[in-house]
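*Asks:* Heads up: the protein sequence lines correspond to chains P and D, in order.
Residues in the first sequence are numbered from 1 upward in steps of one, following this note's numbering.
Residues in the second sequence are numbered from 1 upward in steps of one, following this note's numbering.
Hints in this document: simulated from the structure, not taken from any laboratory.
Only a predicted model underlies this, so the values are computations on that prediction, with no experimental measurement involved.
Beta carbons: idealized from backbone N, C-alpha and C, even for Gly.
A portion of the hints provided could be inaccurate.
[To be verified] Examples of chain P residues lying across from chain D (beta carbon under 10 angstroms, computed):
id : residue
1  : Ser-119
2  : Ala-157
3  : Val-159
4  : Phe-163
5  : Val-183
6  : Arg-184
7  : Asn-226
8  : Arg-227
9  : Ser-229
10 : Arg-230
11 : Leu-231
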Amino acid sequence: MGWLIDLLPLPYTDAVVVIGAAVLGIAAGVLGALAVLPRRSLVGDALAHSALPGVAIAFLVTGAKDPASLLVGAGIAGLIGALMMVGIERTSRIRPDAAIGVVLSSFFSLGIVLLTYISSTGNSEQAGLETYLFGQAAGLLERDVAVMAGLAAGAIACVAIGFRPLKASIFDRAFAASIGLRVRVVELASTALLVVAIVIGLRSVGAILMVAMLIVPTVAARQLTNRLSRLLPLAGLIGGAVGAVGALASARAEVPTGPVIVLTGTVVVLAAVLLAPGRGVVWQAARRRGERRTARSSGVLIDLETALHAGPPPTPSELAMASARPARDVRRGLRDLGRAGLLEHDGDRVRLSESGAAAAHTALEGRRLWSAWLEHGWRLDPGDAREPDPRDLRGSLGDDLVERLIAMDGGARP
Amino acid sequence: MAAPHAVPAIELAHMTVSYGASPVLWDVDATFPAGAMSAIVGPNGSGKSTLLRAALGLVPADAGRATILGQPAREAMRRVAYVPQREAVDWDFPITVREVVEMGRYPSVGWIRRLRAEDRAIVDESLERVGMGPFAGRQIGQLSGGQRQRVFVARALAQRAELLVLDEPFAGIDARTEAALLGLLAELRDREGRSVVMVHHDLQTVREVVDWVLLLNVRAVASGPVATTMTPENLRRAYGAGEVGLDEREGAAWAG
Ligand SMILES: Nc1ncnc2c1ncn2[C@@H]1O[C@H](COP(=O)(O)OP(=O)(O)OP(=O)(O)O)[C@@H](O)[C@H]1O
Ligand SMILES: [Mg+2]
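Isolated chain P, as found in the complex:
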C-alpha cells in the first residue's frame, strides 16, 4: 500500500484517508448492487443499523477500542439482524418492509442504549465510539485500510465468481431454481456480502448513513448502462470516487464523514438522473424538443413546396391558412428553415432556395416511400423483426428492401 500512498500528491494522513474511503466506496458500490437491484435497499439500511450494538458489545467484551474486534462484532450483529429479518418474514405474516422496520429500530435502539451506558461509565477508552454513528474517516490507520482492502478484494472476488448465479437469481428466481440453482443459498450469500460491505464502511460512514453509500453508486450506474456486467464495475468506480472526494472534504472541514459523503453522492445521483445520455431527464427533454422541431420544419417545408406548386409564393400567414397549421408553428418552422438556408425571401413572401427545393424533394420522396411501404410493405418479407421507421425508411429497412419496395411501387421514383 505504501507505493499508492506515495503516489498521491497528499500529506500522508490525508492519503491514507482517501485510499480508505475509496476502498470502502468501491466495496459498497459493487456489493450494494446486490441489495438495490433486487429492490432490497432498505435491507442494507437495517443491516447497517443492526451493526451498531455489535460494536458496543464488542467494546464491552474486549474493553478496548481495537477496530478489528469492533468490526467483527459489527459483522456478527449484522448477520444476526439479517437472519432475524429472514426469520420474521418466513414464520409470521409480517411483510418484508415491516420486518425491516422492526429489526432496524430495535437493533438501533439497543445500540444507542449500550453506547450511552458505555459513555456513562467514564471509561477513558470509550471516547470516539460515537464516530460509528456518523462516521469519521479521519484517523484511519494504514493498517485499518489494509484490512479493509483485503476484505473488499475478497468480497468482490466472490461477486465475480458468483456472477451468473447472482444475476440469474435476482433477475428470474423461478428460472434459476428450475435449472437447479439453490436460490436461497445465493440470497444468503449475497446478504453476507452486504454485511461485509457494511463492516468495511461502518467506521468511516457510520451506521445511520451507510445505506446511502450502498444505494448511490448503483442508482447512478444504472442510469449509464443496461448491462449488469458493466453496472457492477461502474458502481464500484462511482462509489470509490464519491468516497474519496467526500472523505477528503470532510477531513479538511473537520465534520463527520458520513454526511459529507452522502451529500457528495447526492450530487452524483442528481447529475446522473438529469444528464445521463439516453435516460437522463434533461437529455430526454432535449431529444423530444429536437424531434418536435424537426417534425415541424419538415412539415412546413412540404406545405411550402405544395403551396409553391399551386400558386405564387405565399406569405407566412397565407401558408398557415393553406396548411391549417397554427400560425405560430409556421412562423417558427420558417425561422428554422431560414436559418438552415432553405428559404429565399421576397418581401414578406417566401420561396424555397435551391437547397430548400432539394430538401423538399427528399422529404417528399420519404413520404412517397412510406406510402409505398404501407401499400406494398406486407409483401416484402424481411425475415426478421426489422422495424420500419417512418422518418427514415431506408435507414431502418436497409437498401435492398427499399429497392424492392420501389420496384413494387412501379418504379415510381423520378
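Starting from the known structure of chain P, arrange chain D with the ligands on it as the hints suggest.
*Replies:* Just chain D with the ligands now, kept in the frame of chain P:
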C-alpha cells in the same frame, strides 16, 4: 405417435394438489408420451398450470408421484425447459435480450465457464427462430408484451432440452409467429425426437398440430390421441355442459 416410447415424457400417478382448503387437482393420472407434442386443455382455473408445476416439483403435491423422462422430477430438471404462464421477472433489471437467452445455456455450460462458440451459435439461432435477432441488444423491459414472451420461448429453445414444458406459450403472440413457432416445435419433435407438453386454449390449433391431449378439470376428464379424445362429449365434460358459448367454441373447433 400412436405407439408411445417406452419411457413417457411425463407420467403422473394419483396427483393431488391443493393451495388452500379444496384440492385444485384431484387424483390425476396422466401420461404424456415421449417424442410427441401433447396439450393440456381445460377451462380457466381447471388446474393446468398447477399440473405442470406439480409435475416439475415447483409446487408440493399432497399426494401422488411425478416422473419425468423416467426420473423423479428433481433429478430430471436439467433435461427440461419450462416457460411459465407469466414470467415473474424484474423487467427493469439491467440485462439484454441476448443475455436472457444466454441463460438457457447455463445448465449445460455451468455457472462459471465461459460460453463456447457453439453456445453462442445456439443463442443466435434461438433468437432468430423467434424473430428477435434485431432486438438482441435491447434491455428486456424495452419490448412489447408479445416480444417479451418470444424471448422466453427463445430461452427455452436455447436450453436444447429433451422436454419442453410450455404454459400458454403463445398468449400475446401474433398469429404468424405462433404458426412459425408451432412449426418449429413440430420440427424439433420430428427431427430430434424431443417431447413437448403445452397448455393451449385454442382447440382448433390443438386439433391440428398436437398428437396427444389431456382434458383437465380438477380431475383428468380424458386423455389420449387427439382424434379419439377431443370428442364433443369429452369437451362438454371438461368445460361444463350448460355453459354458454360452449356450442360456438365447439363449432369453431370442429369447423377446421
Ligand atoms: N398460488 C395460489 N394460491 C391459491 N390458489 C391458487 C394459486 N394458484 C392457483 N390457484 C387456484 O388453483 C386453481 C387452478 O389454478 P391454475 O393456475 O392451475 O389454473 P389454470 O388451469 O392454469 O387456469 P388458466 O387457464 O386461467 O391459466 C384455480 O382455482 C386458482 O384459483
Ligand atoms: Mg394457467
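*Asks:* None of the hints should be skipped; say for each whether it holds.
*Replies:* Results of checking the hints against the structure:
no. : hint    : in the structure
1   : Ser-119 : 45 angstroms, violated
2   : Ala-157 : 13 angstroms, violated
3   : Val-159 : 13 angstroms, violated
4   : Phe-163 : 9 angstroms, holds
5   : Val-183 : 12 angstroms, violated
6   : Arg-184 : 15 angstroms, violated
7   : Asn-226 : 4 angstroms, holds
8   : Arg-227 : 6 angstroms, holds
9   : Ser-229 : 8 angstroms, holds
10  : Arg-230 : 8 angstroms, holds
11  : Leu-231 : 5 angstroms, holds
Taken one by one, the earlier hints fail for this structure at numbers 1, 2, 3, 5, 6, listed in ascending order.
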